[in-house]
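Asks: Sequence:
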Amino acid sequence: MLRATRLAEVWSRELAEFSIGINITPPFGRRVRKAWICGIVDGVLAAEGIDYPAEVSVLITDDETVRELNRAYRKIDSTTDVLAFAFQEEAEGSVFPTGAERVTHLGEVIVSLPQAERQAGELGHSLKRELAALVVHGVLHLLGYDHEKPEDKGRMAAREAEISARLG
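In this note's numbering, the protein residues as written are 6 to 173.
Hints in this document: simulated from the structure, not taken from any laboratory.
Warning: the hint list may mix true and false statements.
To be verified - Below 30 Å or equal to it, Euclidean Cα-Cα: the simulated DSSO-like pairs (lysine-lysine) are:
| id | residue 1 | residue 2 |
| --- | --- | --- |
| 1 | 133 | 39 |
| 2 | 39 | 154 |
| 3 | 154 | 133 |
| 4 | 133 | 158 |
| 5 | 80 | 158 |
| 6 | 80 | 154 |
Stated by the list, open to error - Derived CB-CB ranges, DEER-like:
| id | residue 1 | residue 2 | range |
| --- | --- | --- | --- |
| 7 | 151 | 54 | 15 to 21 Å |
| 8 | 35 | 154 | 36 to 42 Å |
| 9 | 155 | 34 | 35 to 41 Å |
| 10 | 119 | 57 | 34 to 40 Å |
| 11 | 82 | 173 | 17 to 23 Å |
Note that the Cβ used here is the ideal one computed from N, Cα and C, for glycine as well.
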């Protein structure tokens with residue numbers, strides 16, 4: 006697992022320390038660069054104005070792993086392209102650090118690489134573009150975006166498009 010902790014100033018925001026953990030299931034490790042995924046996550050956090058220490062994990066894996074997680078947590082027995090599991094706020098009286106040393110654990114984004122490949126083919130664009138879109142989508146979910154209601158769907162889609170354009 007790559008632990009990328011750095012200070013970044015992107016899009017005229019305050020400095021914030023992000024810890025981004027990337028896991029890529031074999032045999033996908035040679036097909037996806039961890040540093041590239043870190044850059045996408047960092048770009049989303051910056052675009053959303055996250056100016057506090059934050060941690061995000063990303064797993065790039067296979068259809069079966071995503072299917073099992075989808076079945077266990079969403080009661081849907083099929084694979085999907087991306088899952089996002091936002092961490093809940095710590096309870097009062099937590100033993101976790103507070104104040105200046107506190108790191109906010111935003112959650113985990115899980116992407117099915119085979120599903121991303123299929124979607125890229127169906128949509129007529131590159132796997133790289135599809136993976137970037139899925140990571141952006143997942144991180145926005147961790148930050149509270151949703152697409153259950155039509156108005157929320159439009160808001161999230163617009164934000165995804167804006168961030169994707171900034172990331173290139």
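Asks: Does each hint hold? Answer for all of them.
Replies: Here is what the structure says about each hint:
1. 133 <-> 39: Distance of about 12 Å is within 30 Å: holds.
2. 39 <-> 154: violated (33 Å)
3. 154 <-> 133: Given that 30 Å is the threshold and the Cα spacing comes to 29 Å, the pair holds.
4. 133 <-> 158: Satisfied, since the Cα-Cα distance of roughly 23 Å is no more than 30 Å.
5. 80 <-> 158: holds (22 Å)
6. 80 <-> 154: Roughly 20 Å separates the two Cα atoms, so the pair holds.
7. 151 <-> 54: 15 to 21 Å: holds (19 Å)
8. 35 <-> 154: 36 to 42 Å: With Cβ atoms ~40 Å apart, the hint holds.
9. 155 <-> 34: 35 to 41 Å: Between residue 155 and residue 34, where Cβ atoms are some 39 Å apart, the hint holds.
10. 119 <-> 57: 34 to 40 Å: holds (35 Å)
11. 82 <-> 173: 17 to 23 Å: violated (37 Å)
Hint compliance for this structure: hints 2 and 11 are not met, and every other hint is.
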